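Trainee: Below are the chains, spelled out letter by letter.
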Amino acid sequence: MRESKSVHLKTYFMLALMIVFAPLGNVLLGKGMKGVSGAASWQPGALLGVARQVIGSPFIWLGVASLLTFFVAYMVVLSWADYSYVQPASSFSYAVVALLGYLLLGEAVPPLRAAGIAIICLGVFVVGRTPPRTTEHV
Amino acid sequence: MREAFLLFIIVVAGTGGELCVSRAMKTAGEVTDFRPASLVRFVLRALRVGWMWAGVGMMAMAFFSLLGMLALEAVSFVVPVTALSYAAGALGAKVFLRERVSPQRWAGVFIVCVGVTLVLLSKR
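Line by line, the protein sequences give chains W and P.
Residue 487 is where the first sequence ends in our numbering, and the numbering goes up by one at each step.
Residue 770 is where the second sequence ends in our numbering, and the numbering goes up by one at each step.
Note that these hints are calculated values from the structure, not bench results.
Where hints are given, some of them may not hold.
Short derived list, chain P residues pointing at chain W, Cβ under 10 Å [unchecked claim]: (1) 658; (2) 676; (3) 700; (4) 703; (5) 718; (6) 719; (7) 728; (8) 750; (9) 756; (10) 760.
Label-pair ranges, simulated between beta-carbon atoms [stated by the list, open to error]: (11) 386/W / 685/P: 37 to 47 Å; (12) 459/W / 679/P: 42 to 52 Å; (13) 452/W / 694/P: 39 to 49 Å; (14) 752/P / 414/W: 34 to 44 Å.
Just so it is clear, the structure is predicted and the values come from calculations on it, not from any experiment.
Note that the Cβ used here is the ideal one computed from N, Cα and C, for glycine as well.
Please model the complete structure; the sequences and the hints are all you need to start from.
Mentor: Here it is as structure tokens:
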């Protein structure tokens, strides 16, 4: 019983880390990439300059660190929890990324986009409520 | 067109990478000791599993495509549209792994696609 409670606690903790650090990492990467001149042009000659700017951007490194934190939490939780459980539980990150984009980057989130994100969260949740194995093993 | 190409790489390589990593972690075993040295040993053990390298390679491709997409579009647009990976996952399971995908799971995938469509429309 105590072991089951402990598994739940560590699972929730890891999911919380995932839900915070994945959106935060994406927002930081977005901030970093918006500051890179020439990244949107896709000119082959400009790629080296773009790479230099990407490597020199502190926002990119902070974003990578956040995503690494997410990735370690994701790897660790998958070592005991089912993918089909972890996947829907992390669906909230779609809402968190829009919230962080609005609060930290000042991005406009029109009502249609907010509605779309809410529906995506619902859809991911429904996918995760299905049985993890639906095919008989021979 | 560039956005569609990048989204395709993000969705396909990202989903494939996650499935490979998931398989590798089940092979590496459960994490029971959370001390830093033990976690490092666990990561090194996981890195000896071939599926982990395949997964990391595919996820790296998805990551660089994500960087390219983030240079072009808002993060509150880019990340939600990558939820199309749920549709790719279900289709991949049906076509390549020949799994039976339950009606409820198809319903969830359909709902995700409706949400992604609304997010795409919000850009216009």
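Trainee: For each hint given before, does the structure comply? Return the numbers of the non-compliant ones in rising order.
Mentor: Of the numbered hints given earlier, those the structure breaks are 1, 3, 4, listed in rising order.
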